[in-house]
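**Q** These protein sequence lines map, in sequence, to chains A and B. Heads up, the first sequence is in numbering that gives the first Met the number 0, so the first residue is 0 and it goes up one at a time. Heads up, the second sequence is in numbering that gives the first Met the number 0, so the first residue is 0 and it goes up one at a time.
Just so you know, the hints here were simulated from the structure itself, not pulled from any lab data. One or more of the hints may lead you astray.
[Claimed, not checked] Lysine to any residue pairs mimicking SDA-like chemistry, simulated, CA-CA at most 20 Å apart: (1) 159(B) - 274(A); (2) 401(A) - 167(B); (3) 167(B) - 146(B); (4) 306(A) - 274(A).
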Amino acid sequence: MSPTRRQALTAVASGAVAAGAAAALAGCSSSDWVRPGPADSSGKAGAVGSARVSPFGVHQAGIATPAPARVMVTAFTLRPGADKAALGRLMRLWSEDVKALTQGTPATGDPAWELVGQPSSLTITVGFGPAVFALEGLRDKAPAGLVTIPPMVHDKLQDRWSGGDLVVQVCADDSLVISHVTRRMVVDAAPFATVRWQQSGFWRASGVGTPGETGRNLMGQVDGTGNLPVSDPQFASVVWSSGSPEWLQGGSMMVVRRIQMALDTWDLLPRDKQEAVIGRRLDTGAPLTLAKERDPLPLDARGADGKPVIPDDAHARLANPNSNGGLRILRRAANYDAGLAADGTPDAGLLFISFQADIAKQFVPIQQRLDGSDSLNKWTTALGSAVFAVPPGFGPDTWIGKGLLA
Amino acid sequence: MSPISTTGRLLLVGGLVGTLSLGLTACGSASSGGGTKSPSASTTAVEPVTVTQAWVRTTEGSMDPTMAPLFITIKNSTANPLSIKSGSSTVAARVEFHEMVMKDGKMVMQPKASGITVPAGGTTMLKPGGDHVMLMGLKQALAVGSEVTVELTFSDGTKKTVTAPVKKFADGNAQYAGTGTASPSMSMSSSGSMSSSGMSSPTSTMTMGGTTTP
Numbered sequence: 000m001s002p003t004r005r006q007a008l009t010a011v012a013s014g015a016v017a018a019g020a021a022a023a024l025a026g027c028s029s030s031d032w033v034r035p036g037p038a039d040s041s042g043k044a045g046a047v048g049s050a051r052v053s054p055f056g057v058h059q060a061g062i063a064t065p066a067p068a069r070v071m072v073t074a075f076t077l078r079p080g081a082d083k084a085a086l087g088r089l090m091r092l093w094s095e096d097v098k099a100l101t102q103g104t105p106a107t108g109d110p111a112w113e114l115v116g117q118p119s120s121l122t123i124t125v126g127f128g129p130a131v132f133a134l135e136g137l138r139d140k141a142p143a144g145l146v147t148i149p150p151m152v153h154d155k156l157q158d159r160w161s162g163g164d165l166v167v168q169v170c171a172d173d174s175l176v177i178s179h180v181t182r183r184m185v186v187d188a189a190p191f192a193t194v195r196w197q198q199s200g201f202w203r204a205s206g207v208g209t210p211g212e213t214g215r216n217l218m219g220q221v222d223g224t225g226n227l228p229v230s231d232p233q234f235a236s237v238v239w240s241s242g243s244p245e246w247l248q249g250g251s252m253m254v255v256r257r258i259q260m261a262l263d264t265w266d267l268l269p270r271d272k273q274e275a276v277i278g279r280r281l282d283t284g285a286p287l288t289l290a291k292e293r294d295p296l297p298l299d300a301r302g303a304d305g306k307p308v309i310p311d312d313a314h315a316r317l318a319n320p321n322s323n324g325g326l327r328i329l330r331r332a333a334n335y336d337a338g339l340a341a342d343g344t345p346d347a348g349l350l351f352i353s354f355q356a357d358i359a360k361q362f363v364p365i366q367q368r369l370d371g372s373d374s375l376n377k378w379t380t381a382l383g384s385a386v387f388a389v390p391p392g393f394g395p396d397t398w399i400g401k402g403l404l405a
Numbered sequence: 000m001s002p003i004s005t006t007g008r009l010l011l012v013g014g015l016v017g018t019l020s021l022g023l024t025a026c027g028s029a030s031s032g033g034g035t036k037s038p039s040a041s042t043t044a045v046e047p048v049t050v051t052q053a054w055v056r057t058t059e060g061s062m063d064p065t066m067a068p069l070f071i072t073i074k075n076s077t078a079n080p081l082s083i084k085s086g087s088s089t090v091a092a093r094v095e096f097h098e099m100v101m102k103d104g105k106m107v108m109q110p111k112a113s114g115i116t117v118p119a120g121g122t123t124m125l126k127p128g129g130d131h132v133m134l135m136g137l138k139q140a141l142a143v144g145s146e147v148t149v150e151l152t153f154s155d156g157t158k159k160t161v162t163a164p165v166k167k168f169a170d171g172n173a174q175y176a177g178t179g180t181a182s183p184s185m186s187m188s189s190s191g192s193m194s195s196s197g198m199s200s201p202t203s204t205m206t207m208g209g210t211t212t213p
């Protein structure tokens, strides 16, 4: 859960500035129809709803932009006959939707346009699955790093949560916005693609928690401490594609995995054992024996008993860049809760989302290492897995994926 | 029902039109975007006339597939009022500009004598139930998911080529040739006469059937 609440508040503030600028541009001094943003970031009524994130830029929004309260990810299967040209039409269509909807303007032909006026930090991110690069004219455009995640020992993958030829990630602070916007994208895609799966996730609601805090998952763990801040000099090389293929420069690659947590058995584990599984304290998220969440993991430290204070099979150790030749990813994982199974077992866990420049070189080696010996594996099971190439950002006069499809 | 073409009308439709400019200009350079600067947004010069949010209603399910409405949003950044003077498209025999008006308690569509206008410094958003560009004498069916290219010429000589996606839109008012959801009072014959009774005549009035209920 990387992008922090502090960043979110910044986005709220800049959204307010943008709203003001737009009112000025439209020549309206008194603007009843643009709800003014807050004078400060104290979270007064309306501030959350009116916050806007620009869809434009070198990168698509929804990757490095702050994670708001909710996310909906929808994967599609291309219809037979949907070719490169058709995909271009869909991307132009979707791009217009993204431009409008993120700014609180209805998508064209939207019969329920009252639902979009409060964009609530809406971002819409679009990606291409491997099958896109099997289409005529695109076969030599496949990014080498876009590989299906090899099956892991602990996976129990289901088709219903796996794969996909296209993906749309919709993030916002409001469920009504998420639902309606996702529906517009699905409706507009209908001539080209059918829905393969849809998964929703959540973080803390806007205004809950303290600015800058790392989120928690349903096991209670502080989750996402290892993410680099956007301002870190290394961030770009971790997240954004550079080099080959040219069309993907400024884009990224997305991994989506549905990771079910065995919460009933996890609850039965004593607290110190729970902390040993991760290698961090549950209360502060600090590495075991240390005081602060951001303290570097004491990977070489040993306790009085001579054993490593961060156990050899602790998740934090195995996922740490220092254990992986410096490899990193940007986690944007959300919580999911699909209710109870028929037998009363919770179907809940992590809607794991990560962005990285190269799945084969970054995600796969890290995941394989975790799959081998992470003690967390006993309580987590991947039910779904999907990979996408996320094209770079766009501007007012261009469209998403133009570099690939034009 | 008169067209949305003045500032007063803009206010009437609330946030819909009010926030329009955000997506096109202001916000792109003012907010955080994908986490970095937005070069294309910040370097785009202000164009005198922009046409955005174009879409065409599909002929699928249409009672009169020889015509289809085009909706656009026109922003006029000049100091003078503008109107669309003419239009052409490879898929249509001709392009007309229509308005919707109440006559004898009925919503009717008719060619708009004054043309579709945009006030100086203003924005006109065409939407179902109001002014629209009508593609007449269609040479082909317009399937959902296809694209239509239309060239529009404005009164100041500006030409704009618009590529519009074809979308589905179930129109409860059945202002045009109707859809699968049109009320029973809208007969085939009324829509038939609509397309054949001199649409090209600027003075004739087309009765769309008595479907003024929402």
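**Q** Now, for every hint given, state plainly whether the structure supports it.
**A** We went through each hint and held it up to the structure:
no.	hint	in the structure
1	159(B) - 274(A)	64 Å, violated
2	401(A) - 167(B)	24 Å, violated
3	167(B) - 146(B)	13 Å, holds
4	306(A) - 274(A)	15 Å, holds
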